[in-house]
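Listed here are the chains, written in short residue letters.
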Amino acid sequence: DGGITQSPKYLFRKEGQNVTLSCEQNLNHDAMYWYRQDPGQGLRLIYYSQIVNDFQKGDIAEGYSVSREKKESFPLTVTSAQKNPTAFYLCASSIDAAGGGTGELFFGEGSRLTVL
Amino acid sequence: AQSVTQLDSQVPVFEEAPVELRCNYSSSVSVYLFWYVQYPNQGLQLLLKYLSGSTLVKGINGFEAEFNKSQTSFHLRKPSVHISDTAEYFCAGGYSSASKIIFGSGTRLSIRP
Numbered sequence: 001d002g003g004i005t006q007s008p009k010y011l012f013r014k015e016g017q018n019v020t021l022s023c024e025q026n027l028n029h030d031a032m033y034w035y036r037q038d039p040g041q042g043l044r045l046i047y048y049s050q051i052v053n054d055f056q057k058g059d060i061a062e063g064y065s066v067s068r069e070k071k072e073s074f075p076l077t078v079t080s081a082q083k084n085p086t087a088f089y090l091c092a093s094s095i096d097a098a099g100g101g102t103g104e105l106f107f108g109e110g111s112r113l114t115v116l
Numbered sequence: 001a002q003s004v005t006q007l008d009s010q011v012p013v014f015e016e017a018p019v020e021l022r023c024n025y026s027s028s029v030s031v032y033l034f035w036y037v038q039y040p041n042q043g044l045q046l047l048l049k050y051l052s053g054s055t056l057v058k059g060i061n062g063f064e065a066e067f068n069k070s071q072t073s074f075h076l077r078k079p080s081v082h083i084s085d086t087a088e089y090f091c092a093g094g095y096s097s098a099s100k101i102i103f104g105s106g107t108r109l110s111i112r113p
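Taken in sequence, the protein lines are chains A and B. For what it's worth, our numbering labels the leading residue of the first sequence as 1, then goes sequentially. For what it's worth, our numbering labels the leading residue of the second sequence as 1, then goes sequentially.
For reference, chain A alone in the conformation it holds in the complex:
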């Protein structure tokens, strides 16, 4: 089955530690995205990538880093610089790599990160 796989589903981290969330897609989509979801705030865009080896900051990129070495993979690292990392993180992809947002977003099941 084609889709997006995020792992781990739940993750606990101590303050000061970096963690990496995995996102893999087998839909052959060019564009991939990372969103952060907090209660009552909807989805906020962290980073997005429209093509391999290229990515752009979203609205809340501070304290996060990404890489796009392969078309199917877009891992997100939550660094110790992120002041309030506890949240639900969603990875998504779309066929549409060009500007326009005409394409449907396909989402993974999410990763819930809790800082202890």
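No lab work stands behind these hints: they were computed from the structure.
Computed cross-link-like contacts, DMTMM-like style, restricted to lysine to aspartate or glutamate with a CA-CA straight-line distance of at most 25 Å:
no., chain 1, residue 1, chain 2, residue 2
1, A, Lys57, A, Glu15
2, B, Lys69, B, Glu20
3, A, Lys57, A, Glu69
4, A, Lys9, A, Asp38
5, A, Lys9, A, Glu104
6, B, Lys58, A, Asp96
7, A, Lys70, A, Glu109
8, A, Lys57, A, Glu72
9, A, Lys14, A, Glu62
10, B, Lys49, B, Asp85
11, B, Lys49, A, Asp30
12, B, Lys49, A, Asp59
13, A, Lys70, A, Glu104
14, A, Lys9, A, Glu24
15, B, Lys49, A, Glu109
16, A, Lys9, B, Asp85
17, A, Lys70, A, Asp54
18, A, Lys70, A, Asp30
19, B, Lys58, B, Glu20
20, B, Lys49, A, Asp96
21, A, Lys71, A, Glu109
22, B, Lys58, A, Glu104
23, B, Lys49, B, Asp8
24, B, Lys69, A, Glu104
25, A, Lys57, A, Glu104
26, B, Lys49, A, Glu104
27, B, Lys58, B, Glu15
Since the structure of chain A is provided, determine the placement of chain B on it from the hints.
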């Protein structure tokens, strides 16, 4: 700047009653509109989308939405809800100038038996 506004953070309704979830978007020459549903601790899945053509769009699970250009609205409706419709619903807009999808803050739909 482009924006998508969901006017209600929570909507409680009784089972088998009709429901309308409201969404307004900022006007643009070219805009594409979506409704997504999120069940607890899951990702989002597409309910329906408006790209062009007929302003009444039908989606999955009996939902439909109407694109209203004069009122810049894209409200989601269902004539009779079921307990299984309990979820959070997100309206989203795609703008050519923004090169990304903009999400509303979500509406939590709770169904009472």
